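Mind docking chain Y on chain C? Use the hints.
Which chain is which? The protein sequence lines are C and Y, in order.
Numbering that gives the first Met the number 0 puts the first residue of the first sequence at 0, with every later residue one more than the last.
Numbering that gives the first Met the number 0 puts the first residue of the second sequence at 0, with every later residue one more than the last.
What the hints contain is simulated information worked out from the structure, not anything from laboratory work.
There could be a bad hint or two in this list.
Pairs involving identical chains hold if they fit within one copy or between any two copies, as the list cannot separate such chains.
[Said to hold, decoys possible] Think about it this way: if two alpha-carbon atoms lie no more than 20 Å apart in a straight line, the pair counts; the simulated SDA-like pairs of lysine to any residue are:
no., residue 1, residue 2
1, K161, Q223
2, K445, G171
3, K264, F276
4, K161, P222
5, K107, I251
6, K101, K128
7, K444, P456
8, K44, E30
9, K161, Y224
10, K304, P233
11, K217, R167
12, K403, S433
13, K304, P220
14, K244, L132
15, K240, H400
16, K125, T247
17, K445, Q56
18, K445, P456
19, K161, N131
20, K403, F370
Computed from a predicted model, the values in this text were never measured in an experiment.
There are 2 protein chains.
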Amino acid sequence: MQFNKITENIIKQLEAILGKANVVVDEEKMEMYSRDETSDKLWEKMPEVVIKPENAQQIAEVVKLANRELVPITPRGGGSGLAAGAVPLHGGMVLSLEKMNKILEIDKENLFMVLEPGVTTGEVQKEAKELNLFYAGDPCSAESSFIGGNVATNAGGNKAIKYGVTGRHVYGLEVVMPDGEIVVYGGKNVKDVTFYDMVHLMVGSEGTLGIITKIWLKLMPLPQYVADLLVPFPDMQSAIKVVPKIMTAGIIPTAVEFMDSLSIKAAELYLNKKLPFSDAGAYIICEVDGNTELQVQEDYETIGKLCKENGALEVFVADNISTQDRIWKSRKAYAEALRMLSPVYCMEDIVVPIANIPAALDAIEKIAAKFECKIPSAGHAGDGNIHATILREDRDEHAWHDLKDSVLAEIYDAVYALEGNLSGEHGIGAKRISAMYKHMTEGQKKVLKTVKEAFDPNNIMNPGKVVLLGTIAES
Amino acid sequence: MQFNKITENIIKQLEAILGKANVVVDEEKMEMYSRDETSDKLWEKMPEVVIKPENAQQIAEVVKLANRELVPITPRGGGSGLAAGAVPLHGGMVLSLEKMNKILEIDKENLFMVLEPGVTTGEVQKEAKELNLFYAGDPCSAESSFIGGNVATNAGGNKAIKYGVTGRHVYGLEVVMPDGEIVVYGGKNVKDVTFYDMVHLMVGSEGTLGIITKIWLKLMPLPQYVADLLVPFPDMQSAIKVVPKIMTAGIIPTAVEFMDSLSIKAAELYLNKKLPFSDAGAYIICEVDGNTELQVQEDYETIGKLCKENGALEVFVADNISTQDRIWKSRKAYAEALRMLSPVYCMEDIVVPIANIPAALDAIEKIAAKFECKIPSAGHAGDGNIHATILREDRDEHAWHDLKDSVLAEIYDAVYALEGNLSGEHGIGAKRISAMYKHMTEGQKKVLKTVKEAFDPNNIMNPGKVVLLGTIAES
Chain C
0 MQFNKITENI IKQLEAILGK ANVVVDEEKM EMYSRDETSD KLWEKMPEVV
50 IKPENAQQIA EVVKLANREL VPITPRGGGS GLAAGAVPLH GGMVLSLEKM
100 NKILEIDKEN LFMVLEPGVT TGEVQKEAKE LNLFYAGDPC SAESSFIGGN
150 VATNAGGNKA IKYGVTGRHV YGLEVVMPDG EIVVYGGKNV KDVTFYDMVH
200 LMVGSEGTLG IITKIWLKLM PLPQYVADLL VPFPDMQSAI KVVPKIMTAG
250 IIPTAVEFMD SLSIKAAELY LNKKLPFSDA GAYIICEVDG NTELQVQEDY
300 ETIGKLCKEN GALEVFVADN ISTQDRIWKS RKAYAEALRM LSPVYCMEDI
350 VVPIANIPAA LDAIEKIAAK FECKIPSAGH AGDGNIHATI LREDRDEHAW
400 HDLKDSVLAE IYDAVYALEG NLSGEHGIGA KRISAMYKHM TEGQKKVLKT
450 VKEAFDPNNI MNPGKVVLLG TIAES
Chain Y
0 MQFNKITENI IKQLEAILGK ANVVVDEEKM EMYSRDETSD KLWEKMPEVV
50 IKPENAQQIA EVVKLANREL VPITPRGGGS GLAAGAVPLH GGMVLSLEKM
100 NKILEIDKEN LFMVLEPGVT TGEVQKEAKE LNLFYAGDPC SAESSFIGGN
150 VATNAGGNKA IKYGVTGRHV YGLEVVMPDG EIVVYGGKNV KDVTFYDMVH
200 LMVGSEGTLG IITKIWLKLM PLPQYVADLL VPFPDMQSAI KVVPKIMTAG
250 IIPTAVEFMD SLSIKAAELY LNKKLPFSDA GAYIICEVDG NTELQVQEDY
300 ETIGKLCKEN GALEVFVADN ISTQDRIWKS RKAYAEALRM LSPVYCMEDI
350 VVPIANIPAA LDAIEKIAAK FECKIPSAGH AGDGNIHATI LREDRDEHAW
400 HDLKDSVLAE IYDAVYALEG NLSGEHGIGA KRISAMYKHM TEGQKKVLKT
450 VKEAFDPNNI MNPGKVVLLG TIAES
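Pulled out of the complex, with its shape left as it was, chain C reads as follows (with noise of 0.2 Å):
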């Protein structure tokens, strides 16, 4: 794609729609601006200018602008992403939607909130607390991930196995389409067919289709009783073998979560602290809720006796605050606590079905050992997603980009093989789009492109990502 430049005349189109303010072109400014956490250089680069707009309008005028400058626009969240997707690749405009971050309504009877997109999921999560209610998506991210970025990615996290990935709590949006209208699709009506479901169409589109400017959340009554387990296995094998199990002994968890060895020596040395069993193959982390106690003890003696069954060290029942939040601790400083052991890495987000997850894993260390490189893993096991991360270590940028290309290659050919997919809740991004279109049929490939044509003809939206229109050289 060719787009033009960011012009003096542009800077000043954009000054008057924004005011001065929310217009940056100092690079100092913008340098936290050019990378989300996806860590490679390769998937870095400077905006020309970014913005940061205020209301719908101004989005709205940028947008028109952008269609007649022919300059492009990548939206960005909480800059948490991990598949380059709010990195403006083709240059242009970033537009940061950071002063967009109120939350306009809670309503308490119908369980709603209303919110713009740059609200971070910790705050909504803890608003929604306060009021005893709950906010079920919960990515490990959530402190510093905008809410706004969780709906463009379709965001799973740990609570997804029992309560959905966060498209299933959205009923409402206001997005600025690619040509400029602001439109509202859905709103606070929990079952609704008068329309084709845009707002599903927009969950996931990682800003291709449009802009999103307010979401409707719906929350729900906070469980009153939540208990979580921790479960050392001797090997990965045995632990991931015992999920499947959980998944079809009749109940539905929260979470299944596992760390394999690596990730929980990562943790241990990222939160100086001495974790139970360190030592062990793997752990199994899962939870449960519920409205009375006994439904929830019922719950985790069933997965207790199931894990203990199928070779568990042990197990470790939390069930107050402080105990929880220091398992989840563990699991959830993963992506920091690698940084422990490389500071670069790449780190993916395969899906498979969930009685694939043991074979998955298996072809992993194959493929670790087949290059001679280190595969930490760890994830949603009770979803079949598995943050696998090449770790780079001391290897020269050259070999290190080898390295990554060979073993991606062979990682998503196993997931393809194992009827799994690229991406669980990460996205594509610009990280993973020639890799999903190598797998992607003809059929499949015409379809996307033509939405994207659709809405925007002149691919202004977040260039490069998602969907090709060109080839991927000229992406």
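Frame of chain C, contents of chain Y only:
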């Protein structure tokens, strides 16, 4: 829209694709394909040909033929629709999915059922239950509706409060797109962001964007304990006012239904059986389920207590299947039972935020008084989804259409004023399209048209339903 007529030559081509036995032109045999359950001459039209494909490849060939010859295709499931969605109002062919009625796989490890669209919803429920599994979709028409039709309309049903509408259980679809390409979206991965969410764009699109030929349905563990409550109230308003209280009491019931006094009397007539407190002003019917008896008991006691504190005449608890079946029979018979009062009627499917249900029912009561007609109501109170039904009784054709048009216009205006929408589960079809367009913004209209034209530029897929390419008069 101008379409060509079905010619002898087209019939020959269809026979070559499908075999003679699967191409029907006999008027008598086609008669049942000229209508659905909307029960209004306005929404009946004889097809020019009915075809019964046996696989996706045949459908793909038919779709290509329809594009070449510019003849419309109206896909049809069980014919239990209530919005004329399956009626061939522009002539052409009805494509019945009745021969694609196989359950292809029940995957007990991954909790998925993979099946063709022509399986009845009742069979899906039954087959799952036999394996101690649970399909949570539960439309009242389950015995006759096809799962493909449930997906195409995003059917709701009685368990949507806790388990969501049909779309929530759909993780994958094979679709013959309007250009004849067979494309698979999703599959057995429970988290998947490796594409735009085409699955949910297809769900509820009523056959206007393609024909669904295979479905990946998520199953769940069968809840081990279920209890139902039948709660008579002295009048509609006291009954309905308890609903938002139940919905914010900290539990998630499986169902919260209501029936007004006319609906109760109609059910009594239809079932030819005395119902308890059948002179009550209204019934509330609740269901709770769970894995421990105690949990279920606590939940129904909470609901029972709330009802008693808010004017219930009695609280009947049914914790065995035969009493439960009896309670549900009275509610599920609604559509048939009303024909005892008036063989012709107009059943609506409005939805409002749950806190606005009392106001919506109040508005409907006033409209009935103003126009001196009967509008019995029943429905899914916990979802805000109300089936208000205008009875024709002994009015002549002219008076009936005048009445219906005036009453519908006022009901819809009232619903939109209460932040509601036209249809919670029955869909738009042809029946509600002009009302929907009246209340849409220009931006929304443009988006519908953009999606439809991108995929189906010749408008051959179920023209005149959900979306208009020309004006209403042309459609």
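Worksheet item: Does the structure break any of the earlier hints, and which numbers would those be?
Response: Violated: hint 15 alone.
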